[in-house]
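Residue numbers (the numbering used here), protein chains in the order written: chain A, 1 to 264; chain P, 1 to 145; chain D, 1 to 104.
The set of hints was computed from the structure by calculation and includes no laboratory data.
The beta carbon of each residue, even a glycine, is placed where N, CA and C say it ideally should be.
Hints may be right or wrong, so weigh each one.
Stated by the list, open to error - Calculated cross-link-like contacts (lysine-lysine; reagent style DSS-like; alpha-carbon spacing at most 25 Å):
| id | chain 1 | residue 1 | chain 2 | residue 2 |
| --- | --- | --- | --- | --- |
| 1 | P | Lys128 | D | Lys77 |
| 2 | D | Lys7 | D | Lys84 |
| 3 | D | Lys38 | P | Lys34 |
| 4 | P | Lys108 | D | Lys51 |
| 5 | P | Lys28 | P | Lys88 |
| 6 | P | Lys88 | D | Lys33 |
| 7 | D | Lys84 | P | Lys108 |
What the hints assert, rightly or not - Label pairs and their in silico Cβ distance ranges:
| id | chain 1 | residue 1 | chain 2 | residue 2 | range |
| --- | --- | --- | --- | --- | --- |
| 8 | P | Pro50 | A | Arg122 | 40 to 50 Å |
| 9 | P | Gly47 | D | Thr56 | 21 to 31 Å |
| 10 | P | Gly127 | D | Ala102 | 32 to 42 Å |
| 11 | P | Gly102 | A | Pro70 | 41 to 51 Å |
| 12 | D | Gln31 | P | Glu71 | 18 to 28 Å |
| 13 | A | Ser238 | P | Pro50 | 53 to 63 Å |
| 14 | D | Thr56 | P | Val55 | 24 to 34 Å |
| 15 | A | Gly106 | P | Glu135 | 51 to 61 Å |
| 16 | P | Glu71 | D | Gln93 | 22 to 32 Å |
| 17 | D | Ala102 | A | Gly254 | 35 to 45 Å |
| 18 | D | Asp34 | A | Gln152 | 39 to 49 Å |
| 19 | A | Thr103 | D | Thr56 | 45 to 55 Å |
| 20 | A | Arg185 | D | Gln35 | 23 to 33 Å |
Said to hold, decoys possible - Short derived list, chain P residues pointing at chain A, Cβ under 10 Å:
| id | residue |
| --- | --- |
| 21 | Ala62 |
| 22 | Val67 |
| 23 | Val109 |
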Amino acid sequence: MIRAAVVFLAAVCALPAGAQDAKKEIERYQRMVSEGSPVELFEIGGEELWKKPAGPRNVSLEKCDLGLGPGVLKGAYARLPRYFADTDRVMDLETRLVHCMTTLQGRSLQDATRRVFGNEDRPSELEYLSAYIAAQSRGVKMAPGTRHPKEQAALELGRALFFHRAGPWDFSCASCHGEPDRRIRMQELPVLYEPRYARAVVATWPAYRVSNSQLKTMQWRLNDCYRQMRMPEPTFGSEATVALNLFLAATGQGEPYRGPGTKR
Amino acid sequence: MDRLRRTVVAALGAALLKPWAVLAAWNKEAFGAKTAPEALKGIGAVGAAPSKDIVIDVPQIAENGAVVPVEITSNIPGTKSLSVLVDKNPFPLVAKFDFMEGALPFVKVNVKMGETSDVRVIAEAGGKHYVATKEVKVTIGGCGG
Amino acid sequence: MAAGPMKMRASVNGGVTDIRVLMTHPMETGQRKDQDGKLVPMHFIQNVTVKLNGKTVVESQISQGVSRNPVFSFRVKGGARGDKVEVSWVDNQGESNRTETAIA
Chain A
1 MIRAAVVFLA AVCALPAGAQ DAKKEIERYQ RMVSEGSPVE LFEIGGEELW KKPAGPRNVS
61 LEKCDLGLGP GVLKGAYARL PRYFADTDRV MDLETRLVHC MTTLQGRSLQ DATRRVFGNE
121 DRPSELEYLS AYIAAQSRGV KMAPGTRHPK EQAALELGRA LFFHRAGPWD FSCASCHGEP
181 DRRIRMQELP VLYEPRYARA VVATWPAYRV SNSQLKTMQW RLNDCYRQMR MPEPTFGSEA
241 TVALNLFLAA TGQGEPYRGP GTKR
Chain P
1 MDRLRRTVVA ALGAALLKPW AVLAAWNKEA FGAKTAPEAL KGIGAVGAAP SKDIVIDVPQ
61 IAENGAVVPV EITSNIPGTK SLSVLVDKNP FPLVAKFDFM EGALPFVKVN VKMGETSDVR
121 VIAEAGGKHY VATKEVKVTI GGCGG
Chain D
1 MAAGPMKMRA SVNGGVTDIR VLMTHPMETG QRKDQDGKLV PMHFIQNVTV KLNGKTVVES
61 QISQGVSRNP VFSFRVKGGA RGDKVEVSWV DNQGESNRTE TAIA
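Here chain A stands alone, though its shape is the one from the complex (with noise of 0.2 Å):
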């Protein structure tokens, strides 16, 4: 029954002759849509909000540590996720800037990760500032951290919950993301284990969605995957998601980053 269903989904997602043609069309639609993008406004939005003062201690998050030294913002976001000391454990952009609101602004987590994704009139802080930190990594080799035993772990776990089918449908990351020329509608989904795929992707997340009008994360990207595939919502942060987001780091590591993009 699940194997009829996925020769299915591959016949219906298989391109048609004539599709190359449309293939071109779209990615020049995506050069025009990048050119013409307004993903900067939420840079400059993100710069301010690093810059402000907040929290009880009415400081600003200048000094936080992205793991290239407190206040580093330079090739930070193409380093990371990775493994942090001062924690114990792997995280990601949005995990660590969520942990310096907490430590150096003194904010509670619970103020912290209140609204973690906006919407298009009242974008999320954390969207602003993962637009202006990501922008400061531009040209840099993406280059997550792979090396310590707690890298390895979480990568070996990004992995498995990557080929893990669960849910009403028995869905993975890799019954869309699995297999070469496959497609939803006109969106060509690329496999996401494979570095020649997985390069363009992380290189341009975060980015700026025209369909909605708003800067969106790799937290958002993976909560509405999971959504998509009807399975239950992934705590925000959590070493489920900072894992998978390990994986396709490392599966990109190697390509320049050139976000934040911007996409359909």
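Given the coordinates of chain A, work out where chains P and D should sit on it, guided by the hints.
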């Protein structure tokens, strides 16, 4: 209540302190037209002559209709204005650009398209109107990024 | 000025100044429903003015058919490094914003 008062004061202040922010013309009739012919009438461009000298650069296929990048250049000498319409939009007239003092008849703008439609550009030069169109296919995207 | 960030870049090349400006604005069509199912009222930029060294070079009238967070590119003949470019907008609710930059 205090916030409302502050908003009103700010709005009044804005209107008083920014003379450049008021009294700008906006062609309500043309922008409110619900068909392309009516909109063209509103900008005085009925019977515009087709011209190959209006270059419209648009993607043939738009992954999403919320943002469709449009780049327009007019090579018609003396072009003073460019108007952009999306024929099948609920309100076809999207923008009108008037060029003066050395501005080139060139513009890039992102438009919304509700469905596959012609993008129509009107150029005004030497008191006459010219037109060119290009079709953009608008698709419904998938679910991902 | 409650408006969000606005950003402009202007550079001159071969006697032509390229201007690219980004604006934060919802450009509401009046047809969208919010999370409570209520129609969000029309709220969109109506006029965009471009000035070079204080002189108006482009006057634009735009509608809610322009995408949210509009991005425009314009070109002006002339202009030199250091010259001032200013872009301002006014919307249908009387809100406005402006930004200026020196040509690079």
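Hint check, failures only: none
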